[in-house]
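Novice: Residues per chain are reported as follows:
2 protein chains.
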Amino acid sequence: MASNVSAPTQFVDTKGERYAYRRFGKASADTAPLLLLQHFTGNLDNWDPAVTDPLATDRELILFDNAGIGQSSGTVPKTVAGMAQQAFAFLDALNLDTCDVVGYSLGGMVAQQMALEKPSVFRRMILVGTAPRGGEDIMHLEKPSLQKFLGDPTLRGYEVLQKIFFAPTPSSQSAGKQFIDRLALRKDDRDKPSGPEVAGAQTAAFRDWEQYKGERFSDLENIKQPTLVINGIFDEMIPVQNSYWLSAHLPNAVLMTYPDAGHGSLFQFHDSFTRQSAAFLSSDAAWAPY
Amino acid sequence: MASNVSAPTQFVDTKGERYAYRRFGKASADTAPLLLLQHFTGNLDNWDPAVTDPLATDRELILFDNAGIGQSSGTVPKTVAGMAQQAFAFLDALNLDTCDVVGYSLGGMVAQQMALEKPSVFRRMILVGTAPRGGEDIMHLEKPSLQKFLGDPTLRGYEVLQKIFFAPTPSSQSAGKQFIDRLALRKDDRDKPSGPEVAGAQTAAFRDWEQYKGERFSDLENIKQPTLVINGIFDEMIPVQNSYWLSAHLPNAVLMTYPDAGHGSLFQFHDSFTRQSAAFLSSDAAWAPY
Chain D
1 MASNVSAPTQ FVDTKGERYA YRRFGKASAD TAPLLLLQHF TGNLDNWDPA
51 VTDPLATDRE LILFDNAGIG QSSGTVPKTV AGMAQQAFAF LDALNLDTCD
101 VVGYSLGGMV AQQMALEKPS VFRRMILVGT APRGGEDIMH LEKPSLQKFL
151 GDPTLRGYEV LQKIFFAPTP SSQSAGKQFI DRLALRKDDR DKPSGPEVAG
201 AQTAAFRDWE QYKGERFSDL ENIKQPTLVI NGIFDEMIPV QNSYWLSAHL
251 PNAVLMTYPD AGHGSLFQFH DSFTRQSAAF LSSDAAWAPY
Chain E
1 MASNVSAPTQ FVDTKGERYA YRRFGKASAD TAPLLLLQHF TGNLDNWDPA
51 VTDPLATDRE LILFDNAGIG QSSGTVPKTV AGMAQQAFAF LDALNLDTCD
101 VVGYSLGGMV AQQMALEKPS VFRRMILVGT APRGGEDIMH LEKPSLQKFL
151 GDPTLRGYEV LQKIFFAPTP SSQSAGKQFI DRLALRKDDR DKPSGPEVAG
201 AQTAAFRDWE QYKGERFSDL ENIKQPTLVI NGIFDEMIPV QNSYWLSAHL
251 PNAVLMTYPD AGHGSLFQFH DSFTRQSAAF LSSDAAWAPY
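Chains as they are written, first to last, in the working numbering: chain D, 1 to 290; chain E, 1 to 290.
Just chain D, same shape as in the assembly:
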């Protein structure tokens, strides 16, 4: 079975960089490839197989490390627009003119920026746990509610993700434990973890993304793709208000929120997320509702 547990890491060269990626799943004439754009400090191994693998049964998935992440060369841009340029270069190197996209957290901002700059790049968009330019409270890791975990020396490796991606309920924490166990399923050919220089540059990009000029959220009117916006109700990293703004200002978006869930709502409710996403992506309707 096509899986992010076993898909080989591949590389593609552009004039500027060498990008690491994984491409797996069932390509078909009926479905566009699905590009997955990753969260803060996340690399190829941070894509939960419970999310990727069910989606890969009916379409081809493309995960990639943006410049300066994992085994990709280069340095992490300090703006979302810079990351979008890198993603365009990567798609060009694969000869992909158009695809579907799941943009998660930081990746959702990159997806919005790409859609603004080149509308034809995406057929349909799924934006999870993300924010519009000019959004609020975007990845302020210095907040006490996050620092208590990020600064806890007893939490090791992915244990921090269990705490900060999931709500402080037994049910959500249990889902978080299963999530980090799944991230460890891949034993060979693992990606390179991100260091502090990645976090620093990406944090600069968040601070820039909170700024806006002109009428707030007016950019969103120009993103006309059918879009599915998803957020957990208890997201401490990028609060759900940002998804309310996204879905209210994008002209063609359906919003879905999940209960009992934080930033990792797609991992907690992976059965629902993959079912809903597949149904949404399978639609050819002009309007987003599916």
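Calculated from the structure, these hints are not laboratory results. Any given hint might turn out to be false.
Which copy is meant is left open, because identical chains are indistinguishable; a pair holds if it fits in one copy or across any two.
The calculated SDA-like cross-link candidates involving lysine to any residue, where the alpha carbons are at most 20 Å apart (straight line), are [what the hints assert, rightly or not]: (1) K224 to P170; (2) K163 to T41; (3) K224 to P168; (4) K148 to T41; (5) K143 to A201; (6) K224 to T169; (7) K118 to D219; (8) K224 to F234; (9) K224 to S171; (10) K148 to P168; (11) K177 to W287.
Dock chain E against the given chain D, drawing on the hints supplied.
Specialist: For chain E alone, kept in the frame of chain D given last:
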């Protein structure tokens, strides 16, 4: 085919009242009957066959006129709690202990009140275009944005619904025209339209519902059913903020919002609404995501 265009109006007597109702669709051991609770001044004929009929292919639907509406006897209660008592009496008369529910607008308030008073009455709940107790801007028909249509003598019959249930875009208004055409499909055995005494009592119930005691929205913690909350982004009658509050404070709710749509979002996107509702109702999971 089972349809609200053709289902006969039936009557059932309780100690207090005689209730008009329609019951149709495919009953089965796998599905609970689905009770539909109606909007402000709506009667049995206000249920769009494009919403009822697809749902009726896999379950039994029960539409009813609460006391003082349509061909039911009695007077319209001036509180949501009074309406809930009538709905309980109606269900008792049908010997129904438990069912699923679609509560639309005012009907969604009645559904919440019933779930609070007798949690076992509902297995799963769908709340569309409605508000929690203590919500804001609930059915203020005196607002200029609504009065310009409600006070327009050139609009006849259902034409007012096209204006106030749908967004002021060509696409939404076109969907609204199709909606009111569908409401006119039933030719025989039509229900009795509501008069001003219905509107007056129901408006009093809305004003009461805006009031709350104690901590705002804390009642919602006690509604534990899996719940699907749906709202149009451009709802002038009960703004989407009320559905944000519902889904954030109900412990087990999924929110779905529709673009380009007003109070009648379920009628505009009837294909999506019935597909999503059927998927949600078909789930036996403890958590609402489906």
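Novice: Any hints this thing doesn't respect? Which numbers, in order?
Specialist: none
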